[in-house]
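Student: Chain residues, written in single-letter form:
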Amino acid sequence: MIVCVAVVGHQNNPLYIQSFTDADDALKLHHIVHCSLDVIEERVNNPKKSGTTLNEAFLGLLYPTLNYKVYGYLTNTKVKFILVTTDLDVRDTDVRTFFRKFHAAYVDAVSNPFHVPGKRITSRNFAQTVSNIVGSYGLN
Amino acid sequence: MVEPVNSSLGKMLLEEVSPVVMVLCTPLVEETFLKNGLSFLETLKPFCNFSNIDVPVRTSGDQLYRLKKFTLRLFYASDIRQPNVEVAKQRLEHVITQAGEKDFQELKSDPPQITEILSNPESEIAPTWFQYYNKELIRTLSFSDHEAFDHPVACLLVVSSKDEEPINKFVDLFNTNRLPSLLNDGAMDPKILKHFLLVHDNQDATTERTSKVLSEMRSTFGNNECNLLCTNSSKEGNVEHQANPWASFKSSVSADKLGCALTGDDIVEIKDLMQEFASRHIIPYMEQKVRELNQQISATRKGLRNQIKNLWWRKGKDDGPDSTKGPMYTFSSTESQIRILGDYAFMLHDYELALSSYRLISTDYKLDKAWKHYAGVQEMMGLAYFISDQSKKEAEYCMENAFSTYMKLGKSGFQNATRCGLWWAEMLKARDQHKEAASVYFRICGEEPLHAAVMLEQASYCFVLTKPPMLHKYGFHLVLSGDHYKNCDQVNHAIRTYRSAISVYKSTTWSHIKDHVYFHIGQWYAIVGMHDVAVKNMLKVLDCGYQSKATQEIFLRDFFDIVKKTGMKHEVVGLQLPVISISSLQVIYEDHRTYASQASALVEESIWQSLEDDIIPSLNSGKSNWLELQSKLLPKKYKESNVCVAGESVKVDLEFRNPLLISTSITSVSLICELAANSDDLKLVDKEPSSSSLGPQSSTEHNQGTTSGFSSFTLSEVDFTLGGGEKKMVRLTVTPSEEGILKVVGVRWELSGSIVGVHYFQSVPVKANTTKGRRKNKLTPTDALKFLVIKSLPRLEGTIDHLPEELYAGDLRYLVLDLKNKSESPIKNLKMKISHPRFVSPGNHEEELTTEFPDCLKKGDEQNIVQHETNRTSSVFAFPKDVSLQGDKSLRWPIWLRAAIPGTLSLYFTIYYEMDNVSSIMKYRTLRMHYNLQVLPSLQTSFEITPSPSRLQEFLVRMDIVNCANSDCFQIHQLSTVGCRWSISLLQPVDTILPSKSLLAGQALSCFFMIKDCRKSGTEDEKTMSLPASQTDVKLFTQDDDEKLFDIVNSPLASFHESERSSQGASTRASPNTVDFILISRFAKSSNPSAVPDLPKILSHHSCHNSIRTSSPLSWSLDGPQTIHHDFSTSLCEIKLKMVIRNTSDGVSSVTINTNDCLPDAAVATPSSGNQSGWRYIPTVTEEMKLTSDVMGSRLGKPPSSMESRLGKPPSSMESSPPFIWSGLSSTKVQIQPLSTTEIPLQISVFSPGIYDLSSYKLNWELSEHENASSSTSSGTCQGYPYYLAALQSE
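Line by line, the protein sequences give chains B and C.
Be aware that the first sequence starts at 1, since it is given in full-length UniProt numbering, and climbs by one per residue.
Be aware that the second sequence starts at 1, since it is given in full-length UniProt numbering, and climbs by one per residue.
Just so you know, these hints were derived from the structure itself, not from any lab.
Be careful, since some hints might not be right.
[Stated by the list, open to error] Cross-link-like lysine-lysine pairs, in silico, DSBU-like; alpha carbons within 30 Å at most:
1. Lys549(C) <-> Lys28(B)
2. Lys78(B) <-> Lys549(C)
3. Lys78(B) <-> Lys791(C)
4. Lys997(C) <-> Lys119(B)
[Stated by the list, open to error] If you want the ones that stay clear, here's a sample from chain B, every Cβ over 12 Å from chain C, calculated:
5. His30
6. Ile32
7. Cys35
8. Ile40
9. Thr77
10. Lys78
11. Ser111
Virtual Cβ for every residue (Gly too), placed ideally from N, Cα, C.
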């Protein structure tokens, strides 16, 4: 199950963070997302040797914590998408598809002329789309 | 990179993996040394570290090498045992608590900046007590049974010369019964090097006895093995040591007392003794032992044969009963011997030998499944690899292996795993692999919270040290660590970690985390009693609107609790609750411009300025005028400040917003001001307040007059409650009572009666009073809040009594303008200008009416005959020269109001007046009044005039009246022609026209009149002929025959007609072909009498420039509701309309309807030269095809050019009418057959209540005479009719 998705701006400022758990663990998830920024930075600064990953937005598994797996995705505008899931065996292709959909939703949201770049995404439509994507992912 | 030996791990190993010396001494020896405040062991300890011992050593090989650094570890025999777990735990806790207390004072300061942390040298990032703690932690594992480096190498037997039978004592001391159990049960070798020491106390022992005992000793135990130590040479016992060698070992006692009886010579003696002991005895002994063991092992274990044998033998042991714990190895077993060899070699810094031994034994232990031993050996291998700077990979592999093996052992192995982890982490740190080190620290967290806290904190510092620093993880680990500390009641440490964490989160927008950190650190500061710091931190969480309500409640509750505990009212600069919207700051003050009401103050300055242009003295004229005089009089620095008058308040509007979901009470909101008597007294307030500072109340100081004890200004105080998420506009005032310079510095308020918030305005840009002030572009924000207070001046107050807010079009009212001057000084030279002279006309005399309105307007009321106004071109009304107001007197001036056209209207009045000799700075003032009127449509009239075919002088007039009012009825009273040219008469009796006598809402009426041109043909001179006045009026009512008709040639009707004429007609020149009508009606009765308290008395409808000719190919009407009620707070309102178009011509007409959404600021219409634009005149079309847009005669008298202007924008008088949009199709094209009608649906959307004129559409028509004849077409454009729709807010 996906427990949390986040959009983090290029200055590491949170643009959107939403948890999908019933428990009151928002703080924990915030911390996890916040920490994973370090890993993303590390990934970006020391890219893997293999050339294929050069233009790849998907950053793969960032780090496994005790109960969660954290995946990352970096857009061309240095906006980070972070996914926290409790599933232990996740196929990379699934996550990739998820991020692609998520990216599309994000692009739609920021294309809104009333959206201020660098500010939190407040679009209800975006929230709805994201929760739909998250919901559909859970069913796969 | 540091050399491994010099790294912190290297130093640690040198200290911790070093030969152990067991000390056995008699109580008298202890007593001797206790005189110095030290035990015997403590006395020797500082002298056991040799930085340059320089002893040649030869171990296994033939090569000699010199040992440089060497350390001995001394232990009392009683301490040679595995430490008690509980005691060790308490000891560790004590270390932490102590460290926490030491840091306590630092906690007060502000948290460090993240850049500061990063710029610190590596060694300063982590607190130093961690090393101490780690050492203590490692010591809890000493004397474990699976390692040999804690086995005592030598034994020091100490007897005092004062002891009875010292020789026997020596023997007794090494009695096996008293030896540690580890030596007795075979875990350690009891056969160790013995050294005998005789202690001689110079203070109370005799030298003879000592030398006797010594010689006895030498003969018994051998010459080399015995030493004498003379101490306490200082008789007084008050020696002070410059650099006390014991200070670092014993911190609890005051350091200067230590070693007070030991002279410098004594210390040298101890030093020499230890040096000799190490170099002459221990090292050679170990060397010897290593060689022996090596030989022995070479014989039994090295070589192929031995190895095979060993392997076979081990296999046989495989089925041992207890395979998890592994077999017990005594010191004499081959395995232990190899281990001892390895450890001795390690201690003698022969790492090659050590490694080879460890390697040999490691496989044995593995085969034996003696996992603990195996892990221990792996651990030592890793360390040996590291310290000898060999393969990194191997070292790490060994450590990893050791670590995981220990971990596999479960709980029993965890302690060992911890030690292994600490070493491993140190090793990684020495190699700059900080990130890996951090993960090792993380792995040794364990379950015990205090231990975990320390480890997590160490991990966090590793993240800072990684390149580039991983600050997010740093923060996270600090927070985790802090939570653990808190769980163990180590509040000081918890604060310390959170304090560092703040530096990470401070500048980010991760508000959820930030709030958590600030809130908890605030709570903890409160626990340790630092309430002020607690409050400071708590302040940061107050603006937490995004948190859940429960969280907000907790935040606030705790915040106020802590604030209460501080015991004083704090003043907080930049308190975030409530949020002050600085952009909402608006300053309203009156200099020479005064305002009658709040509403008039909010009107844009430009409107007033344009209105006042004519009446106030010119600003830009080159001539020297009063204003230039003023600027000369004024010191330069005053010029940029605003001027206000003493005794008159300066108002500041400010919006407060509650970001929380909880309602908050805010009390004592007031401005902070400064008033200096003159410019010299005004000190520059450079107290540039920081964003958030905390302190006792200081803002009140501002509010005291600087000149004298009593306050020279008064402030208003406001209390209010803000509900969850509510915004409130608050008006604050300051009224200066003295002259000087007034500065509005900020605003202060009390939150829930417990904390004072202060907000200073200076540092922020202020939109401020620039709503007025024509010097606004020069004003800096600070200047905007600075006022030059001048001596009090007369201020005129004015109201218009009973001005209705809502009235019907045509309604004529008599009103009184009431002006009051409350001050003693007189004012004179009054002038007034009105924005809409079409609507308002001032009377001529003070209180001119004696007869009641409206009867005074009737004919025959001769006393009120007023001469025709001659000068109406200028809209400035000058009061008569003799009018002057003074000393609390009031002036009542009549004003006529006539609602000329429907719509929403803003009326502006400005009254100019001058004062005498009061102030050099201000000589005149203006009073500005603003009223809003809503004019509802009432009767709509249109006239069509047809020439009589038989009589040239006579014309038939058809008057169409529609009652467009919502519900009210009107009685038609009178119809008059204006001027003396036309006489009018009825064609039918009045009763037949309107039997019901009044016109109901929505009712339409047509009636016919005849007009006759009374002018003699050819005579242009109007003055020559006169017509009896009665002939120009027609009475349209039957009852009350004695009721007189209204006199239309008198003011105000005549003057209103003048303005009607000029606004309805483009050309002022009267065309000979036009007639002007005035229809006077009365209000019949209201369907809802209570709704309209002030009923209209008479209504006059003026229709000017009615042309004598008309016709049209198209006629249409727009049908729809006249009035709608809608709740605009929920949604916009859509209104459906229907247009019916009739083609009155013979050809097929194609009509395009274009709707224009009127934009409020759209350009003004293009002036049109002719009556129409956009149509072609085609000769084939008969004369009747010539189109005029106004089907209904003159369409309320509007000339076409002004109709054109409706295209772009609503008529000028309706500038405040809100816009609407056509929400249906913007263009529709239909074909209409000759003489047929068609219906087209239309729709508009309106957004706010108001009265809308829906004439913003055009009909473009194209007419073809015959159906397929393309050649004979004509086309044209028709403007829409005025159609008024009243959209009202439903209740």
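Student: Indicate, hint by hint, whether the structure satisfies it.
Tutor: Evaluated hints:
no.	hint	in the structure
1	Lys549(C) <-> Lys28(B)	19 Å, holds
2	Lys78(B) <-> Lys549(C)	34 Å, violated
3	Lys78(B) <-> Lys791(C)	63 Å, violated
4	Lys997(C) <-> Lys119(B)	68 Å, violated
5	His30	5 Å, violated
6	Ile32	8 Å, violated
7	Cys35	5 Å, violated
8	Ile40	10 Å, violated
9	Thr77	18 Å, holds
10	Lys78	16 Å, holds
11	Ser111	22 Å, holds
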